[in-house]
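Asks: Throw the hints in and build the complete structure from the sequences for me.
Residues per chain are reported as follows:
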Amino acid sequence: MDLGGINPVILIATLMASAVPILLAALGETVVERAGVLNLGVEGMMIFGALGGFIVAVHSGSPVLGFIGGAVCGALLSLIFAALTQVFLANQVATGLALTLFGLGVSSLGGQGYNGIKPPPTGKLFPQALTDLPVVGPIVFGHDWVVYFSIAMTAVLWWVLKSTRVGLIIRAVGESHEAAHALGYKVNRIRLACIAFGGAMAGMGGAYVSLARVPQWVDGITAGAGWIALAIVVFASWKPWRVLIGAYLFGGITVLQLNLQVAGSAIPVEYLSMAPYLITILVLVIMSAGRKASGAPAALGQNFHASR
Amino acid sequence: MLRLEKRPTPSRFWLYATPPAAVILTMVAGGILFAAMGKNPFEVIRTIFWDPVFGEFAFYLRGQLLVKAGPLILIAIGLALGFRAGIWNIGAEGQYIMGAIFGASVGLAVFPTESRWIFPVMVVAGAFGGWVWAMIPAILKTRFNTNEILVSLMLVYVAQTILAKASTGFLKNPEGMGFPGSRNFSSYPAAKNAFLYEPLGLHWGGVAALVTAVLAYILLTRHQAGFQIRLAGQAPRAARFHGVNPARLVVLCMGISGALAGLAGLFEVTGPAGQISIDFNTGYGFTAIIVAFLGRLNPLGIVLAGFLMALTYVGGEMAATQLGLPAAAIQVFQGMLLFFLLAVDVLTNYRFRLAVGAH
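Order-wise, the sequence lines are chains A and B. Heads up: the first sequence at position 105 corresponds to 105 in this note's numbering, and the numbers run straight through without jumps. Heads up: the second sequence at position 139 corresponds to 447 in this note's numbering, and the numbers run straight through without jumps.
No wet-lab data here; the hints were simulated from the structure. Any given hint could be a false lead.
[Said to hold, decoys possible] Listed next, the stretches of chain A that the computed footprint assigns to chain B, with coverage defined by at least 3 CB atoms under 8 Å from CB atoms of chain B:
1. 87-101
2. 107-116
3. 230-241
4. 267-280
[Said to hold, decoys possible] Below, computed lysine to any residue pairings styled on SDA-like, alpha-carbon distance capped at 25 Å:
5. Lys500(B) - Glu422(B)
6. Lys314(B) - Lys162(A)
7. Lys314(B) - Phe304(A)
8. Lys239(A) - Asn455(B)
9. Lys314(B) - Leu655(B)
10. Lys473(B) - Val429(B)
11. Lys186(A) - Met335(B)
12. Lys473(B) - Leu258(A)
13. Lys347(B) - Gly113(A)
14. Lys186(A) - Leu662(B)
15. Lys480(B) - Tyr271(A)
16. Lys473(B) - Ile253(A)
17. Lys162(A) - Gly295(A)
18. Lys473(B) - Val214(A)
19. Lys347(B) - Met335(B)
20. Lys314(B) - Ala17(A)
21. Lys314(B) - Val93(A)
22. Lys473(B) - Ser413(B)
23. Lys473(B) - Gly113(A)
24. Lys347(B) - Gly110(A)
25. Lys239(A) - Leu15(A)
26. Lys314(B) - Asn91(A)
27. Lys314(B) - Ala298(A)
28. Lys162(A) - Ile267(A)
29. Lys473(B) - Ile267(A)
30. Lys473(B) - Tyr271(A)
31. Lys186(A) - Tyr271(A)
32. Lys186(A) - Arg659(B)
In this text, all values refer to a predicted model and were calculated from it rather than measured experimentally. Yeah, the Cβ is synthetic: ideal placement off N, Cα and C, and Gly gets one too.
Replies: Shown next as structure tokens:
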């Protein structure tokens, strides 16, 4: 079954993979923002993770180590943000922007000499026989492990945030840091841990771009995916399953747009490639219009200093 | 054990001492980075910060300083007005591109007419282009409460694809033998942003930047709108009671910053860049964010910060050609500067105290 040269089964299977980077990054940022911290450095952490993961994978020959390396790199970079905002009480918006600028610069510097190298491939998880099944084959069984990991993380974070003590503490810190502090929780340490987790997720998402999606190192490889992840968190009202829906919608648009380019659509290539960004804006408008309470954590973006 | 203690009032000393302290810390950390890259750190720092002003080629490079500082100052002043009011326009790069495209389109539409009115009209068109691009996030913010940070940033990517389309499509030089890029303004006198005084690198963009800095200073310190901007940033609730209309403030701040970024784009494309091409924009819109903070969001401070940042660009290019320092190293250097600035800034509002015993 083809619709205008585009096979819907392939489309769904591809969008699941293409959504992984923004899904992972947006899930991480969801936790960070639920703890009351706005880290605008997602793009910087992603691209740093993309480079770090790529370098580790190329030198070790293991894509799994590459993804771990990407996560570690993202977390390391996020610690700069954590130190500045949690210890030095710097403005979160400005520090996040600085993190993105710095991450882009460092990756551009560190990535020299890695152009044109192929990373070790990340294979499919299930055997060929299952992948060859009609319809369910490509959609359910046709992916590498990171795709399943990203879906599992969605479920885990939903469960942790909703029904565990850890989740309750994170949300308390994000809704009212004064109250959480009065209850004896170390607000800044909890936030620091959340920031590092967000950094690791963004870094792993970035590594998926350079190891599986592209797969090679190109300067500026993430091309705004970190910013789109930030938009998806707003779209999702800070809820993990909605983050998944948002990321898949977005992944679908990206894939569709690429397919239309390949299929030789009448719309010029330039206008198709701006579609993802325009649609993100549109979605943001729809989600924020006419609502007094956006569902954002009450203490989002505010620093906490324990005066007593 | 050290602990932070909030100062009763912000320290005036640290308000002014923060930027120099951050620059020194960045030089130290940057020196370590350059040493790690196998370069002599002292030589690199000297090449970046000393040579462009006092070195062998300073007679030429000094002029380059204003050429680079002009657009940075122009954009940063606009951004600073918004940042002061808590309005985060971070899509200046997109507004800069759109200003250049709008202005250049007007000029190229009437090519090869010669008239003294062409350039002024292009300037207005450039400011208009940036303003329109900034109005999108502003109106979405005021009408639909959409986050202006994300929308303005998304529009940078949209502007970049329009720029790609312009340089390979609707603004492409018909006599360019198939190469991408528009006609070169240097061979079109009526639309050219020529140097007014070459040794200083002064063109209309530099004039606009310096005039804007003075006007913005007056606006912030002497005018009702400036008071409202400062009030809205420092005490949003008090601003409401004072009768400040937040929506009007968003439109005003975004509009000014968009128009200034558009102007910067126009002066750049008709002057130093010379033509619309896929990569004529060099990230000034993002670097200007650093300039705005380095200048402490104060128009006069931004002028100094703009020159310092221009120094890292000019010196960085010198270091690239003479010492083989990669261009990206300068980007890292600029990013570090902002980090140190934000970190040292804690001393303005807090002081470190030795905590005696268990508290």
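Asks: Taking each numbered hint in turn, which are not upheld by the structure, reported in ascending numerical order?
Replies: 6, 11, 20, 23, 28 and 31
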